[in-house]
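If you read the sequences in order, they're chains F and E. Position 254 of the first sequence, counting from 1, maps to 254 under this note's numbering, and the rest follow consecutively. Position 61 of the second sequence, counting from 1, maps to 61 under this note's numbering, and the rest follow consecutively.
Just so you know, the hints here were simulated from the structure itself, not pulled from any lab data. Careful: at least some of the hints might be erroneous.
[To be verified] Covered stretches of chain F, going by a simulated chain E footprint (3 or more residues, C-beta under 8 Å):
| # | segment |
| --- | --- |
| 1 | 182-189 |
| 2 | 220-230 |
[As the list claims (entries may be wrong)] Pairwise CB distance ranges, derived in the manner of DEER restraints:
| # | chain 1 | residue 1 | chain 2 | residue 2 | range |
| --- | --- | --- | --- | --- | --- |
| 3 | E | 43 | F | 208 | 32 to 42 Å |
| 4 | E | 333 | F | 23 | 19 to 29 Å |
| 5 | E | 230 | F | 222 | 31 to 41 Å |
| 6 | E | 256 | F | 29 | 29 to 39 Å |
| 7 | E | 243 | F | 230 | 24 to 34 Å |
| 8 | E | 13 | F | 253 | 29 to 39 Å |
| 9 | E | 27 | F | 15 | 31 to 41 Å |
| 10 | F | 114 | E | 274 | 53 to 63 Å |
| 11 | F | 30 | E | 142 | 45 to 55 Å |
| 12 | E | 41 | F | 169 | 20 to 30 Å |
| 13 | E | 274 | F | 208 | 46 to 56 Å |
| 14 | E | 333 | F | 30 | 41 to 51 Å |
| 15 | E | 80 | F | 208 | 41 to 51 Å |
This one's a predicted model, so the numbers in the text were calculated from it and none came from an experiment. Backbone N, C-alpha and C fix where the C-beta goes; we use that ideal spot for every residue, glycine too.
If you want the building blocks of each chain, they are given just below.
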Amino acid sequence: MDVLVYVKRVPAVGGRIVLTPDGREVDTSMLGFTVSPHEECAVEEAVQITERHGGTVTVSTMGPPEAIEQLRTAISVGAHAAHLLVTTGVDAGPIATSRALASSVRELEGGRGRPFDLILCGNEAADTGDHQVGVRLAHALGRPCATGVKQLQIEATGESVEASREYRGSQEHFTLRLPAVVTVKEGINLPRYPSLPGRMRAKKADVSTATPTLEPEPLVMQRLRVPRTERTSAEVLGHGVDAVPALVALFETLGVVP
Amino acid sequence: MITVCFVELDGDEVVDASLRAVTFARRLGGGAPLGCLVLDRPGPGALAQLAAFGVADVRHLDAGDVHGYAPMAAAAALAEMVAPFDDGVDVVAVVAAATDHGNEVLAHLGATTGLELVANCVDAQVQAEVEPGGPGNGGGFAVVRQRWAGSLLEDAVLHARGGLFSVVAEAVTAEPSPVAAEVTVRPIAPALTPLDLAVQAVETRSEGGGVSLASARVVVSGGRGIGGAEGFGVVEELATLLGGAVGVSRAVTSAGWRPHREQVGQTGTRVAPHLYVACGISGAIQHLAGCQGATHMVAINTDPDAPIMARADYAIVGDVSVVLPALVDALRHRTAGS
Ligand SMILES: Cc1cc2nc3c(=O)[nH]c(=O)nc-3n(C[C@H](O)[C@H](O)[C@H](O)COP(=O)(O)OP(=O)(O)OC[C@H]3O[C@@H](n4cnc5c(N)ncnc54)[C@H](O)[C@@H]3O)c2cc1C
Ligand SMILES: Nc1ncnc2c1ncn2[C@@H]1O[C@H](COP(=O)(O)O)[C@@H](O)[C@H]1O
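Given the sequences, and given the hints that come with them, work out the whole structure.
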């Protein structure tokens, strides 16, 4: 089973989002970077698949040169190869991104002489939350696609995959012929932490690069805003156990105790 | 202008998120006739709702080879409903609730039509004039949408004559149309390729147990400050005493202390309870994204400067391993004594 996983580098925002003065980007001068939890799970799922069925995991991203850091993290938890599509770091938009990824897949598969059995993406990216790059990629490649998957199993024959997810109190099960594209959600597995040998391997690993062609996207961002929140400071009910009576009284007022 | 909605049903009822999306679409369409696609033939209850919300043309998917939820078949039906768009005269908008199904169907439609899916919209308006030189001449849309699960808003312009919009539920209140529509119901059987039919869901009911996190009236959530899996005994007790459900932060699921289905936040469950109690949770934006719809929020934290302490209504500065047992004790005595 050869699996290709797409991850996206995003700022690791904590308690508060700060924007750059022009309001066009998150100010990352004080921040580290990460990928979406959905994508961490996609990498873990791919590694588990190859542990069970053999094969390789290739991880790829389109982003600034620094995105090599996210690829190395994936290698440290078990990915075998990494491919970076280098941009200036400006978000390309979902149509342009999926086109660039599709042409990169064709190139990589041309080089290998056969398709990846499975391509995994996150259900949605952490920052833009566009919910579509995986689906668009599947269409561009003419492959079936399931999204938001929480359980994945390769059939014994290696010809298809069983994918399921929950929706409004029901389980939805999909059977997809391989090669296929699946987008996953956090909860499908519990990602492992990098091991020391994994970190060593990641540090030394070769990462191949290419430069994508990006077309202009019809959706053009004007600016970002931090929405105003109603709550800005809490009423302190007390310290330690001394606050318990006030808390019980509050619960009574709110009608949540019998 | 052609405005079409993808509408989800629950039995003989239109789901609330879809009613909000229909309201959004009606405003965006500005009086244009409103059509919708539903996956099953709607009953009288759902039809009455759609009429009240101004939907005139109801189409239900009726393709022989479709036996379950088939997102690509739904997208093919929507493509057919907006097909006059191809003649280059009309502006089109296809709207769905930003649910897993709504986003998925619109993503497929976007892929087959080449139209942009603007996901997680809170507002959209037709703009006749777009700056010259934009990629799509002859009109566009001004949109506002969420990023980072609602922690950021984006103002954007869609330079195109057609757009697909998924609508964030809390951004719109469901409002019936001032004039109810005369509804016609017709089946639609789009031409489908083998690939369109290749992805179809077989459904099984999930077994439910306890109070569901997503709809609980009270949620008691524990974070890293709970200290370990054992610490959740008292969190569960408090949730039970308040008739609520247990929630957790990602730090807790990542550590393997609790299952992911209990996670509240951007990549977990969104909750909007009457009361949210955050115990030992710092209040990262991705956690708040999942609970800021709570009517009342209480935070218990040793750090008075934790971000959650500013975003809650009420704060207790203290150690959860001391405060929670005392609180549970007090509530138990109260119940026993009453
Ligand atoms: C794209 C993305 C998506 C994410 N999605 C989610 C999500 O869905 N849900 C989510 O929760 N997180 C999510 N996160 C992670 C999020 O950024 C935080 O890392 C996480 O919420 C932190 O959990 P925490 O508050 O329990 O832990 P911490 O941030 O470590 O906070 C622990 C808190 O407990 C307090 N504390 C410690 N000891 C005690 C004590 N004895 N008594 C009382 N208080 C104590 C501390 O003062 C601190 O405030 C996401 C992150 C990213 C990048
Ligand atoms: N720049 C990118 N590089 C690699 N993968 C991406 C990129 N953008 C999006 N993806 C993948 O597509 C998924 C869905 O993204 P989106 O449609 O933008 O929400 C993400 O979770 C990633 O797996």
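Against the structure, the hints come out as follows:
no.: 1; hint: 182-189; result: holds (count 3)
no.: 2; hint: 220-230; result: holds (count 9)
no.: 3; hint: 43/E <-> 208/F: 32 to 42 Å; result: 56 Å, violated
no.: 4; hint: 333/E <-> 23/F: 19 to 29 Å; result: 53 Å, violated
no.: 5; hint: 230/E <-> 222/F: 31 to 41 Å; result: 50 Å, violated
no.: 6; hint: 256/E <-> 29/F: 29 to 39 Å; result: 34 Å, holds
no.: 7; hint: 243/E <-> 230/F: 24 to 34 Å; result: 26 Å, holds
no.: 8; hint: 13/E <-> 253/F: 29 to 39 Å; result: 34 Å, holds
no.: 9; hint: 27/E <-> 15/F: 31 to 41 Å; result: 35 Å, holds
no.: 10; hint: 114/F <-> 274/E: 53 to 63 Å; result: 56 Å, holds
no.: 11; hint: 30/F <-> 142/E: 45 to 55 Å; result: 32 Å, violated
no.: 12; hint: 41/E <-> 169/F: 20 to 30 Å; result: 21 Å, holds
no.: 13; hint: 274/E <-> 208/F: 46 to 56 Å; result: 54 Å, holds
no.: 14; hint: 333/E <-> 30/F: 41 to 51 Å; result: 47 Å, holds
no.: 15; hint: 80/E <-> 208/F: 41 to 51 Å; result: 43 Å, holds
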